[in-house]
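Letter by letter, the sequence shown follows residues 0 to 350 of numbering that gives the first Met the number 0.
Just so you know, not all the hints are guaranteed correct.
To be verified - The calculated lysine-lysine pairs, modelled on DSS-like cross-linking and capped at a C-alpha distance of 25 Å, are:
1. K314 - K288
2. K28 - K344
3. K319 - K288
4. K284 - K314
5. K47 - K28
6. K234 - K288
7. K319 - K309
8. K348 - K284
9. K314 - K28
10. K265 - K28
11. K138 - K152
12. K284 - K234
13. K234 - K28
If you are wondering where the hints come from, they were derived from the structure by calculation, not from laboratory data.
Just so we're clear, the structure is a prediction, and the values are computed from it rather than from any experiment.
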Amino acid sequence: MEKLILSLVIAVLSLPVNAESVMSVEAVKGEVASVSETLTLSGSIESKQHASLAPLQAGVVDSIFVEAGDVVTKGQPLMQLDNTLAELELQQATADHQSAQAEQSEAKRLLQEVEELSSKKVVAQTTIGERRSQLTIAKAQVLRAKASVEQYKETVERHVLRAPFAGIVSARHIDIGEWVTQQTVVYTLVEQQQLRVKLAIPQEYLFQLTNPQTHNVTIIPDIIGANPISATLSKIVPVANEQSRAVTAWVDLPQGHNLVSGMSAKVNIAFSGDATNKHLVWLPKSSIKAHPDGGRSVFIVDNGTAKNVKVTVTKTQGNKVAVVGIDENQRVITTGVAMLKAGSKVSVKGE
């Protein structure tokens, strides 16, 4: 019995002390996907022309011609102020103009009269000069009176507020009988044909959008059954807001949509160019090793050993993850990842 035990001890001691076991693992190649980065933002649909209208003259509201919701054309009357005094002043100015014209005609007649007598040497040259001066003064008075008529006509016209552009009256803020001034907002008018989406783009993306028109945009209105709208980024204001640290951008909406000002929409901005394209490799979740510092890595098969490679996980879908940092031709170990170390001997099942 003692000889048997001694033989076993000698056999164990004769084994190589640095022998390393080979771990049997499974490995796969990732599925490749090349995608462009997309920035998704919420925006507000607004009109290029959105005006708070005030009268050009102070006065009492006499007539209201349109209500909220009415569609108006450019130049259409919206409201009128009481213009009684302005009309009387216009009538007076018109009478003064007619009087000045009569005085001009009389001065012209008197000049012609003395000019006829001057040929007979019976009128002094001084008299002729006086008559000519009187005609010149009369002409000036006619011009002054005519300017007064035009001024009072404009004053009468300013008692009527007209639409500065075609659009929809979104609000009426006054009633008949109210006193309004040039600072009183009486209507809100919104142009509905030229709409755009206003966006606040984070400052981090500003230098990737140096050529706005080269970026395709998909607009998804926040209404049931709305179809996506394709457009391009129209304009960026390269000045960041001090509070939000974002820059303002607009996307012009194409014609033929049924959207209205004030709606909200989601906007997807696609970044073009190789600098923003990411080469993604899809792998099973079981291949990812998590580290205490929050990092992620995978093991690839390299000449019979496990090589640890750091990766960045960008997307998760079911039992798969998309990573950046490895080549699609590398074989990634999917089993026993938690027990592997860099340099561990491995053999791939089936090989």
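Tested hints:
At roughly 16 Å between alpha-carbon atoms, K314 and K288 fall within 25 Å of each other, so this suggested pair holds. Between K28 and K344 the CA atoms are separated by roughly 19 Å; this keeps the pair inside 25 Å, and the hint holds. Distance restraint check for K319 and K288: the Cα-Cα separation of roughly 14 Å lies within the 25 Å cut-off, and the hinted pair is therefore satisfied. Between K284 and K314 the CA atoms are separated by roughly 11 Å; this keeps the pair inside 25 Å, and the hint holds.
A hinted pair counts as satisfied when its Cα atoms are at most 25 Å apart, and K47 with K28 does not qualify at roughly 53 Å. A hinted pair counts as satisfied when its Cα atoms are at most 25 Å apart, and K234 with K288 does not qualify at roughly 44 Å. This hinted pair checks out: K319 and K309 have alpha carbons roughly 17 Å apart, not beyond 25 Å. Taking the CA atoms of K348 and K284, the gap is near 19 Å; set against the 25 Å cutoff, the hint holds.
Under the criterion of a C-alpha separation no larger than 25 Å, the hint pairing K314 with K28 is consistent with the structure, at around 18 Å. A distance of roughly 36 Å separates the Cα atoms of K265 and K28; the hinted pair therefore is violated under the 25 Å criterion. Distance restraint check for K138 and K152: the Cα-Cα separation of roughly 21 Å lies within the 25 Å cut-off, and the hinted pair is therefore satisfied. Between K284 and K234, the direct Cα distance comes to roughly 42 Å. Violation of the 25 Å bound is thereby established for this hinted pair.
Under the criterion of a C-alpha separation no larger than 25 Å, the hint pairing K234 with K28 is inconsistent with the structure, at around 44 Å.
Of the hints listed earlier, those the structure fails to meet are numbers 5, 6, 10, 12 and 13, in rising order.
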